[in-house]
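Undergrad: Work the whole structure out from these sequences, hints included.
There are 2 protein chains.
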Amino acid sequence: MLFEDITILDENLDVKEHQYVLTEGERITYIGDTCPDATGHKRYDGKNKLLMTAFINLHSHTPMTLMRGYGENLSLNDWLNKKIFPYEDKLTSEDVYHGTLLGIAEMLRFGIVSTSDMYYFCEDMLKAFLESGAKVNLSRGITCFSDASYHDLPAYEENKLLIREYHGLNQDQIKIDMSIHGEYTNTERTILEISEHAKEAGLPLHIHVSETESEHKECMARHNGMTPIEYFNHLGVLDSRVLAAHCVHLSGEDFAIMKERNVSVASCPASNLKLASGICDVKKLMDYGINVGIGTDSVASNNSLNMIEEIKLFALLQKVRQNNPAVITPKEALYAATKAGAIAQGRPDCGALKVGNRADLIVLDKKEPYWTPVHNLINNLVYSASGTDVCLTMADGKILYQDGNFPTIDVEKLARVQALSQKEI
Amino acid sequence: MLFEDITILDENLDVKEHQYVLTEGERITYIGDTCPDATGHKRYDGKNKLLMTAFINLHSHTPMTLMRGYGENLSLNDWLNKKIFPYEDKLTSEDVYHGTLLGIAEMLRFGIVSTSDMYYFCEDMLKAFLESGAKVNLSRGITCFSDASYHDLPAYEENKLLIREYHGLNQDQIKIDMSIHGEYTNTERTILEISEHAKEAGLPLHIHVSETESEHKECMARHNGMTPIEYFNHLGVLDSRVLAAHCVHLSGEDFAIMKERNVSVASCPASNLKLASGICDVKKLMDYGINVGIGTDSVASNNSLNMIEEIKLFALLQKVRQNNPAVITPKEALYAATKAGAIAQGRPDCGALKVGNRADLIVLDKKEPYWTPVHNLINNLVYSASGTDVCLTMADGKILYQDGNFPTIDVEKLARVQALSQKEI
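So the protein lines, in turn, are chains U and H.
According to our numbering, the first sequence is numbered sequentially starting from 1.
According to our numbering, the second sequence is numbered sequentially starting from 1.
Keep in mind that the hints were calculated from the coordinates and are not lab data.
Don't take each hint at face value.
Put simply, identical chains are the same to the list, so a pair is met inside one copy or across any two.
To be verified - With a Cα cut of at most 27 Å, we get these calculated BS3-like pairs of lysine-lysine:
| id | residue 1 | residue 2 |
| --- | --- | --- |
| 1 | K366 | K83 |
| 2 | K331 | K82 |
| 3 | K366 | K49 |
| 4 | K49 | K367 |
| 5 | K413 | K47 |
| 6 | K367 | K16 |
| 7 | K398 | K367 |
| 8 | K423 | K90 |
| 9 | K284 | K367 |
| 10 | K83 | K331 |
| 11 | K127 | K367 |
| 12 | K199 | K423 |
| 13 | K423 | K367 |
| 14 | K47 | K160 |
| 15 | K42 | K398 |
TA: Structure follows, in structure tokens:
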């Protein structure tokens with residue numbers, strides 16, 4: 001595809017106008033201000049459009065689209081125990097496949113091409129990802145409250161199967177991660193065993209960390225004053241492959257340890273507000289030089305997968321948290337939603353508009369009144385744009401969303417989610 | 001217009017399906033589950049659509065669309081003194097007219113039909129409102145740092161002219177309010193004189209109150225420990241016609257006084273985050289029974305007029321501020337963005353979908369993937385929808401926005417804002 005005479009955000013997220021961008025196969029092969037020879041390639045008129053690298057969602061539970069708007073306005077305990085957990089107990093393969101497909105459609109609609117996801121029924125989820133062409137770092141969420149060994153859990157065999165059958169499929173469209181759901185949902189034994197398995201397999205390890213104050217404090221009470229980060233560090237779990245989701249209640253030495261171990265963070269601002277968890281200290285993480293990306297978390301606690309909304313919130317919340325309107329620039333927020341995610345996902349050739357990189361691209365239409373005037377286009381993108389301005393989403397050079405259509409997704413299947421989602425609890 | 005077989009939010013914001021709604025002239029004349037005789041009326045197919053009362057923006061400075069994304073990431077003082085004030089010094093009638101028209105277009109796009117606005121060049125603004133058909137409660141922002149009398153200021157003559165020439169125009173499309181910009185920007189003399197003029201004229205009085213901590217504390221230092229609310233109360237300013245914008249840093253007796261005086265509040269969640277002002281204690285205001293609406297504030301500090309985004313933020317921020325995910329239900333947030341605004345604007349026949357009320361209506365398209373599934377449609381509307389789902393906006397029975405078109409607005413004029421906005425400071 002040749003994008004002609006289009007405004008772009010370049011690899012440094014700087015605006016360049018009147019550019020030509022060529023994709024061939026799964027790669028970006030040309031970016032410049034003159035038109036390349038593109039005989040035989042489709043052409044895309046760049047008038048009034050903005051081309052940039054696609055978004056990366058660094059923390060999600062995609063099938064939970066099934067639970068959109070289900071059981072709202074409850075305390076966290078009631079929400080989980082009276083609504084979400086009983087609902088999840090009734091989920092079937094068919095539900096998860098369809099819910100995942102709907103979640104993927106929503107992500108593509110909002111310019112997300114890759115997501116770091118933690119859930120179960122993983123093969124059903126992968127079927128949906130493979131069909132759609134969207135990328136995923138998928139981990140089987142593991143909790144263990146008994147004295148069982150990880151090696152005796154079904155999840156162990158499942159992880160081995162996922163790695164053997166799916167890891168690296170379609171030039172890394174599918175990557176398998178591992179998961180320790182959290183400190184509070186696992187025994188020390190399983191934490192050590194899962195961590196060892198992830199290290200042996202060379203896989204990222206996705207963990208919920210210090211999402212709520214009670215999780216953070218109860219960990220300290222259980223483990224001689226160690227915070228979740230200190231505890232995981234003490235057990236030797238932390239390294240540059242670890243992705244810590246939420247990190248709202250970090251304290252003490254947590255920041256220094258995370259920097260030392262080169263842990264990445266997935267901050268989920270909307271979900272952290274909606275569940276009243278708090279506001280992550282993103283500014284401090286960034287000041288420590290820690291890699292921070294952005295996650296939507298699940299639709300059940302957001303309730304959308306609108307990355308532009310999430311980026312705006314990510315920036316705005318820091319201003320009020322730090323009592324300083326100057327912190328977190330639009331460019332820093334955009335970097336978090338793109339390159340920082342690619343780093344954490346172990347996708348070095350993604351997350352930036354650069355020759356040689358994967359053609360993971362989005363186009364935004366600037367026709368709506370809120371794109372005028374332009375004093376600084378990045379400010380308009382982060383603070384004024386709507387997620388629905390995304391009019392084209394491409395992964396590895398393939399168009400997965402364009403102008404209301406999902407060429408790889410059977411929309412009849414999306415419509416089925418309504419019926420599948422109506423479980424009687 | 002006859003809306004046929006459409007899902008509605010009724011006057012209590014409850015969902016009703018398969019309804020018929022008829023508008024005749026400026027009023028809603030029928031709501032029911034059978035099709036009325038509507039010979040000669042246009043018909044609107046309600047399939048996959050949601051009809052509800054239009055949004056009311058309770059605090060804005062519409063012409064500041066001109067400054068969208070201008071001078072970002074600065075401390076409040078630098079932003080105002082180095083960017084906004086010097087820019088405003090150069091504004092012309094032509095700028096304000098065009099900027100207002102763009103702001104109106106953006107509001108209509110996002111389902112807002114009426115706004116409580118405070119700015120200057122008021123006749124130029126009114127020209128844009130009159131042309132577009134959008135409603136406004138317009139106040140001339142007044143600041144006075146000298147020992148002058150309000151009666152000697154140009155604003156006094158301007159207020160008299162606005163009331164005489166415009167107040168009540170087109171069946172209250174235009175309402176003139178008065179304004180004391182704030183305690184910190186006026187002398188006691190002008191505050192008393194403006195308040196007196198507003199009371200004599202029976203007009204609402206729009207005031208910035210306790211937006212920032214420093215404003216709140218400096219008032220206490222100036223006035224024997226009195227907060228802005230206590231000070232205005234002490235001066236006899238407060239009554240049921242007063243609209244207090246922001247109210248982020250209320251303290252002590254402020255809540256009780258506001259309830260006693262029946263003051264309304266315009267909460268501006270996005271702007272309060274972006275300028276690092278803080279988070280208004282909306283829950284406490286509501287617990288006191290105070291009427292709380294939602295404002296976008298200006299585009300310069302938001303940077304959009306997306307009411308659905310604002311409604312979501314309004315609800316989410318309270319959850320984290322109160323440390324309780326159960327507070328502020330979607331219905332309470334929707335009420336704030338509709339009926340509460342109408343009450344504060346003195347428009348008793350607006351803000352609810354009810355026979356006899358003004359036909360101030362919006363239609364949302366539910367076709368995007370994030371509207372599926374529906375467990376509770378109001379949850380989807382508040383937490384999942386995009387502002388751009390608004391596909392029709394009607395004020396007093398007239399269509400002002402439909403499917404990308406603004407029948408009353410010359411879009412060539414909107415395009416002029418780009419050139420007009422590029423001021424060299």
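Undergrad: Against this structure, judge whether each hint is valid.
TA: Verification of the hints:
1. K366 to K83: between (40 Å within a copy, 25 Å between copies)
2. K331 to K82: between (41 Å within a copy, 22 Å between copies)
3. K366 to K49: Both: 6 Å inside a chain and 25 Å across chains, each within 27 Å.
4. K49 to K367: both (8 Å within a copy, 23 Å between copies)
5. K413 to K47: Between copies only: 20 Å across, 34 Å inside.
6. K367 to K16: within (18 Å within a copy, 34 Å between copies)
7. K398 to K367: both (24 Å within a copy, 24 Å between copies)
8. K423 to K90: Result: close within a single copy only, 8 Å intra versus 61 Å inter.
9. K284 to K367: Classified as neither; 37 Å inside a copy, 40 Å across copies.
10. K83 to K331: between (38 Å within a copy, 20 Å between copies)
11. K127 to K367: between (36 Å within a copy, 25 Å between copies)
12. K199 to K423: neither (39 Å within a copy, 57 Å between copies)
13. K423 to K367: Classified as between: cross-chain Cα gap 23 Å, same-chain 41 Å, threshold 27 Å.
14. K47 to K160: So K47 and K160 fail the 27 Å test inside a copy (49 Å) and across (48 Å) alike.
15. K42 to K398: within (12 Å within a copy, 43 Å between copies)
Of the hints listed earlier, those the structure fails to meet are numbers 9, 12 and 14, in rising order.
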